[in-house]
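J.: Sequences listed follow chains A and B, in order.
The first sequence lines up with residues 1 to 173 when you count with the numbering used here.
The second sequence lines up with residues 1 to 420 when you count with the numbering used here.
Since the hints were made in silico from the structure, they are not lab data.
Among the clues, some could well be false.
[Said to hold, decoys possible] Per label pair, the in silico range of CB-to-CB distance: (1) A:133 / B:69: 36 to 44 Å; (2) A:39 / B:44: 13 to 21 Å; (3) A:140 / B:371: 47 to 55 Å.
[Stated by the list, open to error] Computed list of chain B residues with no C-beta within reach of chain A, every gap over 12 Å: (4) 58; (5) 121; (6) 122; (7) 138; (8) 139; (9) 141; (10) 199; (11) 218; (12) 220; (13) 237; (14) 259; (15) 291; (16) 348; (17) 356; (18) 382; (19) 387.
[As the list claims (entries may be wrong)] Here are the computed lysine to aspartate or glutamate pairs in the EDC-like style, where the Cα-Cα straight-line distance is at most 20 Å: (20) B:385 / A:43; (21) B:385 / B:372; (22) A:160 / B:150.
Glycine included, C-beta positions come from ideal geometry on N, C-alpha and C.
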Amino acid sequence: MKAPAIEGRARVFGDDVNTDYIITSRRKRESLDPRVLRRYLFEELDPGFAATVEPGDLIVAGENFGCGSAMEVAVTAVVGAGIRAVLARGFSRTYYRNAVNNGLLPLICDTRGIREGDRLAIERACVRDLSNGAMWKVEPLPEVMREIIEAGGLVEYFRKNGRFRVWAADERR
Amino acid sequence: MPGKTISEKILSAKSGVDARAGDVVVCRVDGAMGTDGSTPMAIDYFSAMGGTRVHDPGRVVFALDHYAPAPGRATAALHQQMREFAARHHIHLWDVGEGIGHQLIVESGRALPGGLVVGADSHAVTYGALNCFGTGIGSSDLAAIFMGGEIWLRVPESIRVQLTGRLQPSVYPKDVALELARLLGADGATYQTIEFAGPGVGALDLEDRLVLSNLTVEMGAKAGLFRADERTFEYLGGRAREPFEAVAPDTDAHYSREIEISLDELTPLVALPHLVDRVEPIGEACGRPVQMVYLGTCTGGRVRDFHQARDVLKAAGGVAAGVQLVVTPASREVLETITRDGTLVDFIAMGAVIGTPGCGSCCGTCGAIPGDGVNVISTANRNFKGRMGNSEAFIYLASPASCAASAARGTITDAREILS
């Protein structure tokens, strides 16, 4: 990946964190502004989270992160809090998609050994836990998704290209 | 090379590429639906992308269903924004009261065999019942479709679910879907298509299949596809908006997993709070008090669901004291039908609260909200904490008949106790 390594503090959640836990539907009813929504991030799961989140923090989760509703505010609220990557053992497909489309890096890796507050460094093909020296391999992203993330999301991608670039038939994952 | 699944065939046709599971392709969509939950953001993204003219607006539809009617000033403003955008760009808009977008896509003959129709809402998987690759997308995807009518998609692997036998009395498609959630778990089909097959499919009519396809997303699926057959064509007669060509899988298609469900052996099931895959035989929950019963949503808000619920309630002599029964038809067509055939009057006479066709209480954005400590049993598809607008409520998911039986007794009840 061309982007420089991302470094940040781990904020750890469990399995099956659904999008309503990330940001509840009723908050979305009042505002779609990520700067407003970030104040309510994870309020159902961890009411103290929004007050302690800092730009550069990294979300670490277990299986099936972002399941449930496809609402994109569950990604933009995270991006709005200054978070650039989510590491999970698995994502729901709509969360994964929305993350890519908003320039939030979704990384699938074995997150079981990561503790709350650990310093993490995301490198080309791995994640390092600087707090204890552990290292995990990361599944590489398909080319298309990398291009969209590197553009900063689908809005920037379209602003730049005006349409989808046509990929060759044999350009496979 | 092995043959192709339904997903591989449809996405190959829509991308013009010989696509296999794992490929990422750019597809031209046959239709796209945006709701009031997702479209306002897409409109903002469209203008940020530099968009001025919507590509092929005849293939885009909007539904005002999540906030129906608008519960406040902010949501009313979102509706205004959508109405103005739709009028300016000649996009068809289903206004408040017309129903849930997914139901309207199906009723209006926009979800057609062999097609690719996306919805900016996770339950777009419902269209799979009609052999249409339906999948949920986000607001930026919808904006990209406004720009060029295209979307990037990873071609999913497929799990084949083989259905055999027939459902016993008092066992319904919702129970089949809950059994599948129990077998697969809430992420057991993530990134994959669930393809339904087997001799049991023929016995399920189109409304039954819609329930199964709708719930596949609760197992993480990207699509929940059926083959088209006589029942599909019969439903589409007079509805289909354009010619279509049904797609069947090749006999040597590759599946990542095969599961068999014997419909004869199923019994009524319930998903316990707060996870859709915490599924138990309904007997495990029987006797727990319920204070609210919800009949509606894109899973359980169709004519057949209300008939099943009404029959149980009438047999039991009505709704128990202390239970709020909320009835929300999935669409105006459903409301009209149950009005004409007398079902609605029965519900009203039993004291039901009748909601505006739409998503209603399902996601807590409008409609009746349960109180603290309240147990709700619902025909919906999700029971996450806070889902219905109160994180102190407890949501159970079951078939319309099980919900009705529970409304009649005031405790979670197996409908077979009433119907036998």
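J.: Hint by hint, note whether the structure agrees.
T.: Now the hints, each set against the structure:
no.: 1; hint: A:133 / B:69: 36 to 44 Å; in the structure: violated, 57 Å
no.: 2; hint: A:39 / B:44: 13 to 21 Å; in the structure: holds, 20 Å
no.: 3; hint: A:140 / B:371: 47 to 55 Å; in the structure: holds, 49 Å
no.: 4; hint: 58; in the structure: holds, 19 Å
no.: 5; hint: 121; in the structure: violated, 6 Å
no.: 6; hint: 122; in the structure: violated, 4 Å
no.: 7; hint: 138; in the structure: violated, 4 Å
no.: 8; hint: 139; in the structure: violated, 4 Å
no.: 9; hint: 141; in the structure: violated, 6 Å
no.: 10; hint: 199; in the structure: holds, 30 Å
no.: 11; hint: 218; in the structure: violated, 8 Å
no.: 12; hint: 220; in the structure: violated, 6 Å
no.: 13; hint: 237; in the structure: holds, 32 Å
no.: 14; hint: 259; in the structure: holds, 19 Å
no.: 15; hint: 291; in the structure: holds, 21 Å
no.: 16; hint: 348; in the structure: holds, 29 Å
no.: 17; hint: 356; in the structure: holds, 16 Å
no.: 18; hint: 382; in the structure: violated, 6 Å
no.: 19; hint: 387; in the structure: violated, 6 Å
no.: 20; hint: B:385 / A:43; in the structure: holds, 12 Å
no.: 21; hint: B:385 / B:372; in the structure: holds, 12 Å
no.: 22; hint: A:160 / B:150; in the structure: holds, 16 Å
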